[in-house]
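K.L.:
Listed below, chain by chain, are the residues.
Protein chains: 2
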Amino acid sequence: MPAEAKRPRVIIVGAGFGGITAARALAGHGLDILLIDRTNHHLFQPLLYQTATAALAPSDIASPIRVILRRDRETTVIMGDVTGVDAARRVVAVKDTGEFGYDYLILATGADYSWFGHDEWARYATSLKTLDDAGTIRRRLLSAFEWAESLNEPKEIARLLTFIVVGGGPTGVELSGSIAELARSTLARDFRRIRPGAARIVLCEAGPRLLAAFPPRLSDYTARALASLGVEVRLGAAVEHIDARGVSVAGQRIESANVFWCAGTEARPAAAWIGVDAAHNGAVKVRPDCSVPGHDEIFALGDVASLADRDGKLLPGLAAVAVQHGRYVAKVILCRVAGRPPPPPFRYRNLGTLAVIGRSRAVADFGRLQLRGFPAWLLWSLVHLFLLAGYRNRMVVYLNWSWAWFTYGRGARLITGASHGAEPTTAA
Amino acid sequence: MPAEAKRPRVIIVGAGFGGITAARALAGHGLDILLIDRTNHHLFQPLLYQTATAALAPSDIASPIRVILRRDRETTVIMGDVTGVDAARRVVAVKDTGEFGYDYLILATGADYSWFGHDEWARYATSLKTLDDAGTIRRRLLSAFEWAESLNEPKEIARLLTFIVVGGGPTGVELSGSIAELARSTLARDFRRIRPGAARIVLCEAGPRLLAAFPPRLSDYTARALASLGVEVRLGAAVEHIDARGVSVAGQRIESANVFWCAGTEARPAAAWIGVDAAHNGAVKVRPDCSVPGHDEIFALGDVASLADRDGKLLPGLAAVAVQHGRYVAKVILCRVAGRPPPPPFRYRNLGTLAVIGRSRAVADFGRLQLRGFPAWLLWSLVHLFLLAGYRNRMVVYLNWSWAWFTYGRGARLITGASHGAEPTTAA
Numbered sequence: 001m002p003a004e005a006k007r008p009r010v011i012i013v014g015a016g017f018g019g020i021t022a023a024r025a026l027a028g029h030g031l032d033i034l035l036i037d038r039t040n041h042h043l044f045q046p047l048l049y050q051t052a053t054a055a056l057a058p059s060d061i062a063s064p065i066r067v068i069l070r071r072d073r074e075t076t077v078i079m080g081d082v083t084g085v086d087a088a089r090r091v092v093a094v095k096d097t098g099e100f101g102y103d104y105l106i107l108a109t110g111a112d113y114s115w116f117g118h119d120e121w122a123r124y125a126t127s128l129k130t131l132d133d134a135g136t137i138r139r140r141l142l143s144a145f146e147w148a149e150s151l152n153e154p155k156e157i158a159r160l161l162t163f164i165v166v167g168g169g170p171t172g173v174e175l176s177g178s179i180a181e182l183a184r185s186t187l188a189r190d191f192r193r194i195r196p197g198a199a200r201i202v203l204c205e206a207g208p209r210l211l212a213a214f215p216p217r218l219s220d221y222t223a224r225a226l227a228s229l230g231v232e233v234r235l236g237a238a239v240e241h242i243d244a245r246g247v248s249v250a251g252q253r254i255e256s257a258n259v260f261w262c263a264g265t266e267a268r269p270a271a272a273w274i275g276v277d278a279a280h281n282g283a284v285k286v287r288p289d290c291s292v293p294g295h296d297e298i299f300a301l302g303d304v305a306s307l308a309d310r311d312g313k314l315l316p317g318l319a320a321v322a323v324q325h326g327r328y329v330a331k332v333i334l335c336r337v338a339g340r341p342p343p344p345p346f347r348y349r350n351l352g353t354l355a356v357i358g359r360s361r362a363v364a365d366f367g368r369l370q371l372r373g374f375p376a377w378l379l380w381s382l383v384h385l386f387l388l389a390g391y392r393n394r395m396v397v398y399l400n401w402s403w404a405w406f407t408y409g410r411g412a413r414l415i416t417g418a419s420h421g422a423e424p425t426t427a428a
Numbered sequence: 429m430p431a432e433a434k435r436p437r438v439i440i441v442g443a444g445f446g447g448i449t450a451a452r453a454l455a456g457h458g459l460d461i462l463l464i465d466r467t468n469h470h471l472f473q474p475l476l477y478q479t480a481t482a483a484l485a486p487s488d489i490a491s492p493i494r495v496i497l498r499r500d501r502e503t504t505v506i507m508g509d510v511t512g513v514d515a516a517r518r519v520v521a522v523k524d525t526g527e528f529g530y531d532y533l534i535l536a537t538g539a540d541y542s543w544f545g546h547d548e549w550a551r552y553a554t555s556l557k558t559l560d561d562a563g564t565i566r567r568r569l570l571s572a573f574e575w576a577e578s579l580n581e582p583k584e585i586a587r588l589l590t591f592i593v594v595g596g597g598p599t600g601v602e603l604s605g606s607i608a609e610l611a612r613s614t615l616a617r618d619f620r621r622i623r624p625g626a627a628r629i630v631l632c633e634a635g636p637r638l639l640a641a642f643p644p645r646l647s648d649y650t651a652r653a654l655a656s657l658g659v660e661v662r663l664g665a666a667v668e669h670i671d672a673r674g675v676s677v678a679g680q681r682i683e684s685a686n687v688f689w690c691a692g693t694e695a696r697p698a699a700a701w702i703g704v705d706a707a708h709n710g711a712v713k714v715r716p717d718c719s720v721p722g723h724d725e726i727f728a729l730g731d732v733a734s735l736a737d738r739d740g741k742l743l744p745g746l747a748a749v750a751v752q753h754g755r756y757v758a759k760v761i762l763c764r765v766a767g768r769p770p771p772p773p774f775r776y777r778n779l780g781t782l783a784v785i786g787r788s789r790a791v792a793d794f795g796r797l798q799l800r801g802f803p804a805w806l807l808w809s810l811v812h813l814f815l816l817a818g819y820r821n822r823m824v825v826y827l828n829w830s831w832a833w834f835t836y837g838r839g840a841r842l843i844t845g846a847s848h849g850a851e852p853t854t855a856a
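Chains as they are written, first to last, in this note's numbering: chain A, 1 to 428; chain B, 429 to 856.
Only chain A is shown next, with the shape it has when bound in the complex (with noise of 0.2 Å):
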């Protein structure tokens, strides 16, 4: 690193929501920042699901970290794995690369879905929280389909044509409305031995309802929309076994080719690094001001955060939350930097939360405001269209969205992938 020893190293470890808020928050204050991330683009996550259905391209709901930062000319950006961190020795251990040191370190490395123990369901089912995540699933949605036109043994036809989603959340609930969708619209018109429209897609739920997070009601309206669209809802359906042929959801065995996990959260293991305490979730417990207990210069903020709200509830794992954690922690930094005394304990501010089931429809729960159906969907589509990183991207989701909604077609229906003639849907 250059001998500029005196500007304050804040490094930041993850570009999701709350790491690239904290990044653009803390530029232009003379502190040298250093980013770092597993991967060189900031993900637009909400919209993961339209990649992974092949409504949208990798490179509509995803931009380049340096792009995004290319005017912050103190920040540095660097793509690697963080292997840990030496609190004592104030250094962030980077595989391959070496070590970094910081003054204030903010942790922002997000979550994943967890798997309850079972890791070795991984190898058979995929989850969703990644852009290689999102194409593995595009690449066995869209493969499942293929295969099936090419045989003739109608049990495996229907083994490759049953899509099981296994969790009731704003995932699970996007992702099945949009294989529904794909199967019974864009696709049928497309093969001739098959029948897309009657592949079935089952959404497991463990719980009593889905999208545990939002007023019963709108759980009722998102069922029965889904059920509309064709969606087999089970609630209170836990997952017992995923195998290469299937899965058993509460005692009955369905043979499927294609499990998608969007259940559990865990966030990613950050506490271990620095050694501390952690939530029932891996996420650190961090104090009001988001610094952890014992290392003042250590922040965690969204997801690998356990912070309470006022009333005493979990805050959720929302962008939103991630957002405003950002800007607060680098206010926190900011105000230490110059000796200003600290900003009041951070509260957060609930804007509302959204979920979309399908073309034209959605759930908004803003608290004593609820919407659904088509009015929840323009606002849902009108909100995620202007967060969307970018000028250049918003135009080309346009493009792609209109053109989709008139035609019913999908723009990024490619199979692509070195693998894609080895996943475990293979049929053998």
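One should not assume that every hint holds.
Computed beta-carbon distance windows for the label pairs [claimed, not checked]:
1. B:Leu-806 to A:Tyr-398: 23 to 33 Å
2. A:Asp-309 to B:Arg-551: 47 to 57 Å
3. A:Gly-30 to B:Ala-655: 36 to 46 Å
4. B:Asp-705 to A:Arg-70: 52 to 62 Å
Stretch-level coverage of chain A by chain B, calculated; a stretch enters the list once three of its residues show a Cβ under 8 Å from a Cβ in chain B [claimed, not checked]:
5. 67-79
6. 183-195
Rather than coming from a laboratory, the hints here were simulated on the basis of the structure. Even glycine gets a Cβ: it sits at the ideal position worked out from N, Cα and C.
Since the structure of chain A is provided, determine the placement of chain B on it from the hints.
P.N.:
Chain B alone, transformed into the frame defined by chain A:
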């Protein structure tokens, strides 16, 4: 297969320019058409280098085969690997699927680059023929800059920022020019520790000039234009060795983490399937009506056919040849089925050839008329925009191009693919 055994069955292997054109031309005449391809998409190969260099997304240059042929209700599309042909029983064998009988067979499997007997080089160098190849090159290109930014050793940084392109044909010219522009313009402002503009790009051609199929005057112009973009052009420079750390070219060792291969050409193994005579490059030696000697019902076209023009010169491996072949073979088959006399022997209509060097420079050869520089580039961009399959693709590509033109930015700069940490280029 359904019991409509009366309709003559035509099997087409390969959905490149030749196969797709034949399929379109055969449709609507009461035939039973089966198109088999290893992928689910038709690829607009002339723009593949733009996807490899992050200017266009994969979905900009490829369309699902089923979408292109959606309206041809007599045409069935199957994604599968053809493993052989039994010409005596008239069946095509598809891996993991079974056999399909035919009355007429069209081999349109295309060509690959040739490793000149050094297949082990494929471990270290990436060629550029498929969408997956383009994804791999993009990942290697962009990762090289990312890794260089994270390191401190000048030698390793120099190795990561050295790009070797092997083969001075159109693809090698386009790729090396495009890498130079990526490094010197697009990425120039995005790094803090390295200077992307200092990247070294070497184009190695074993022969005495670039673009051997063009007039020497245009070859010279191309070499000068590439040099002005900062590409080191090496003529008479055969590659002697490639390993994980670099290459040996014309007796000289160059350390490089990025070797891209666009040299030689070798037809895919259709001749071996039917056990007939192959030309030097593995293509099937066909009769003037594109049929295979000894097998009136089998045709080969495009890169997998070896056929001389009236003047005795072998036809070049161009999309235009494949398209004209495809249209011609469809005519031959339709005449045969209808009991009409066959059309006159195939004659290639040379519409000219184009190669692009970079932003606003190209060469064009129309026999007597030759263009170079901006006029050739303008022509090139118009022609390619209009040839791109599908209105939607044209819109998106136009948007991407004009955006890139004005901003020097590139929309598809994402590093994806599960293996992106495990490339042979990893800075260990």
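K.L.:
Quick one: which hint numbers does this structure break? Sort them smallest to largest.
P.N.:
none
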